[in-house]
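Colleague: Make the full structure from the sequences, and use the hints.
2 protein chains.
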Amino acid sequence: MTIHTIAPRSGVAFRMSQGQRLTVIDPEGEQVSDLVAFNAHDTDEWLSSGRSLDYASTFLLTTGDTLYSNRSSPMFVIGRDDVGRHDFLLAPCSKEMFARLYGHTEPHRGCFGNLAAALAPHGIDPDRIPTAFNVFMNVQVDGATGTLSVEPPLSRPGDATTFEARMDLIVALTACSAGMSNNFRFKPIQYSIA
Amino acid sequence: MTIHTIAPRSGVAFRMSQGQRLTVIDPEGEQVSDLVAFNAHDTDEWLSSGRSLDYASTFLLTTGDTLYSNRSSPMFVIGRDDVGRHDFLLAPCSKEMFARLYGHTEPHRGCFGNLAAALAPHGIDPDRIPTAFNVFMNVQVDGATGTLSVEPPLSRPGDATTFEARMDLIVALTACSAGMSNNFRFKPIQYSIA
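Those protein sequence lines, which keep their order, are chains A and B.
Read in full-length UniProt numbering, the first sequence has 75 at position 75, and its numbers run on one by one without any break.
Read in full-length UniProt numbering, the second sequence has 86 at position 86, and its numbers run on one by one without any break.
Calculated directly from the structure, the hints in this document are not laboratory data.
The structure displayed is predicted, hence computed values, not measured ones.
A portion of the hints provided could be inaccurate.
Keeping only pairs whose Cα atoms sit at most 25 Å apart, straight-line, the calculated SDA-like set for lysine to any residue is [claimed, not checked]:
#1 A:Lys95 to B:Asp159
#2 B:Lys95 to B:Asp125
#3 B:Lys95 to A:Ser57
#4 A:Lys95 to B:Thr58
#5 A:Lys95 to A:Asp125
#6 B:Lys95 to A:Asp65
#7 A:Lys95 to B:Thr66
#8 B:Lys95 to A:Lys187
#9 B:Lys95 to A:Asp168
#10 A:Lys187 to A:Ile78
#11 B:Lys95 to A:Ser73
#12 A:Lys95 to B:Asp42
#13 A:Lys95 to B:Thr43
#14 A:Lys187 to A:Ala99
#15 B:Lys187 to B:Glu96
#16 B:Lys95 to A:Thr66
#17 B:Lys95 to A:Met167
#18 A:Lys95 to B:Glu45
#19 B:Lys187 to B:Gly158
Using C-beta positions, here's what the derived DEER-type ranges look like [to be verified]:
#20 A:Arg156 to B:Ile3: 54 to 60 Å
#21 A:Ala194 to B:Ile3: 57 to 63 Å
#22 A:Tyr102 to B:Arg15: 31 to 37 Å
#23 A:Asp142 to B:Met180: 22 to 28 Å
#24 B:Ser57 to A:Arg21: 31 to 37 Å
#25 B:Ser57 to A:Arg185: 37 to 43 Å
Stretch-level coverage of chain A by chain B, calculated; a stretch enters the list once three of its residues show a Cβ under 8 Å from a Cβ in chain B [said to hold, decoys possible]:
#26 47-55
#27 141-155
Idealized CB from N, CA, C, for every residue including glycine.
Modeller: Spelled out as structure tokens, the structure:
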């Protein structure tokens, strides 16, 4: 099985067939990978955080949970999950986000820019990028006050999470570019498809 | 100032100009209104839960908080807010949702169907409908377990929340169709624009 590496602060896109398994690996630990997906045969169907959270009745999705499309169709089921803590609330980091929240004057294009560049050859416009499933991202939620705080991921070197495709998909995946999300050391992400 | 009424289990869409204020009123109490918005001059720009939650660093948005577009532009700022409890996590109720979560065999088209019908004359496709800002919807969040539970709204008869438009907008608004969201009595919603 080929292991692909996504260089730090970059992204890729690829096709998957229904029934295939995508394994996202954190080779060094404490890194995040933003994942979005589209129906390979009709890219107007997209991975929907709002649908998935509603059907799961939890914001913490892990083994056995389904990720749904905007049309309520299963796109993935989560298989083996070494980490069990992912985020599905926050939009991908972007140059606007780095300027606004980090005060960067020459902001990186972020996961959003990396997803957009990776999806362009598949004919998917940046405005179609939804809230990502942020693999390994650790957003702590205070249910009483509402506060969302981005903490270092719980993933240790070699930890992995598997996603079983329930339809033919175009998937985009990043090695995250936001310091706060990866404990301020930019690292690669690895993945395999089987 | 004209007060418009949205009949129970229905929806409307309208244009707003930058600087106008939309006031959403719950005339009978314990009712929810799903709100989505698009840039009136470029409907590829849409209200984004993921961007708004990231910039606010809270899932409980109220007076003074900004609702952002997918392009990180302010669409609304929340003004007066009698209730202070709204949801920005869950997708609009839909026929698929009523079938899946409520077991309905002849499901209502829900807020999603009502938003789609109201937005069609504005040239906005159903696949472009994002996670709504669910005015008055009371989703309790358990930060430790992740559990999301839909509870009766905290709104009392006559309570209102105001949204100040920060760009020219196409807005769609519903009187919610989901029993769990409105304590199992379908009621109207009212609104005014000033």
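Colleague: Hints first: check each against the structure and report whether it holds.
Modeller: Now for the hints, and whether the structure bears them out:
Straight-line distance between C-alpha atoms of Lys95 (chain A) and Asp159 (chain B) comes to about 38 Å, which puts the hinted pair past the 25 Å bound. Restraint check for Lys95 (chain B) and Asp125 (chain B): satisfied, since their Cα atoms lie roughly 17 Å apart, inside the 25 Å limit. The suggested pairing of Lys95 (chain B) with Ser57 (chain A) holds, with an alpha-carbon distance near 17 Å, which does not exceed 25 Å. As the CA atoms of Lys95 (chain A) and Thr58 (chain B) are separated by approximately 21 Å, the hinted pair is consistent with the 25 Å bound.
This hinted pair checks out: Lys95 (chain A) and Asp125 (chain A) have alpha carbons roughly 17 Å apart, not beyond 25 Å. Between Lys95 (chain B) and Asp65 (chain A), the direct Cα distance comes to roughly 21 Å. Compliance with the 25 Å bound is thereby established for this hinted pair. Proximity of Lys95 (chain A) to Thr66 (chain B) is assessed by CA-CA distance (about 19 Å); at most 25 Å being required, the pair is judged to hold. Distance hint between Lys95 (chain B) and Lys187 (chain A) is unfulfilled; the C-alpha atoms sit about 43 Å from each other, more than 25 Å.
The hinted pair formed by Lys95 (chain B) and Asp168 (chain A) meets the criterion: a straight-line CA distance of about 24 Å does not exceed 25 Å. Restraint check for Lys187 (chain A) and Ile78 (chain A): the C-alpha separation of about 23 Å stays at or below 25 Å, so the hint holds. Distance hint between Lys95 (chain B) and Ser73 (chain A) is fulfilled; the C-alpha atoms sit about 13 Å from each other, no more than 25 Å. Distance restraint check for Lys95 (chain A) and Asp42 (chain B): the Cα-Cα separation of roughly 21 Å lies within the 25 Å cut-off, and the hinted pair is therefore satisfied.
Distance check on the hinted pair: Lys95 (chain A) and Thr43 (chain B) sit about 22 Å apart at the alpha-carbon level, within 25 Å; holds. Between Lys187 (chain A) and Ala99 (chain A) the CA atoms are separated by roughly 21 Å; this keeps the pair inside 25 Å, and the hint holds. Among the hinted pairs, Lys187 (chain B) with Glu96 (chain B) is consistent with the structure: their alpha-carbon atoms are about 22 Å apart, no more than 25 Å. For the hint linking Lys95 (chain B) to Thr66 (chain A), the alpha-carbon distance of about 19 Å falls within 25 Å, and the restraint holds.
Distance check on the hinted pair: Lys95 (chain B) and Met167 (chain A) sit about 21 Å apart at the alpha-carbon level, within 25 Å; holds. For the hint pairing Lys95 (chain A) with Glu45 (chain B), the CA-to-CA distance comes to about 17 Å; that is within 25 Å, so the pair holds. At roughly 13 Å between alpha-carbon atoms, Lys187 (chain B) and Gly158 (chain B) fall within 25 Å of each other, so this suggested pair holds. At about 58 Å, the beta-carbon gap between Arg156 (chain A) and Ile3 (chain B) stays in the expected band of 54 to 60 Å.
Between Ala194 (chain A) and Ile3 (chain B) the beta carbons are some 59 Å apart, a value that agrees with the proposed interval 57 to 63 Å. Look at Tyr102 (chain A) against Arg15 (chain B): about 35 Å separates their beta carbons, and that is inside 31 to 37 Å. Evaluation of the 22 to 28 Å hint for Asp142 (chain A) and Met180 (chain B) yields a pass: the beta carbon distance comes to about 24 Å. Under the hint 31 to 37 Å, the C-beta atoms of Ser57 (chain B) and Arg21 (chain A), about 34 Å apart, fit the expected range.
Between Ser57 (chain B) and Arg185 (chain A) the CB atoms are about 22 Å apart, so this pair departs from the stated range of 37 to 43 Å. Three residues within the 8 Å Cβ limit are the bar, and the stretch 47-55 of chain A against chain B gives 7, so the coverage statement holds. With 9 residues bearing a CB less than 8 Å from a CB of chain B, the stretch 141-155 of chain A meets the requirement of three and the coverage assertion stands.
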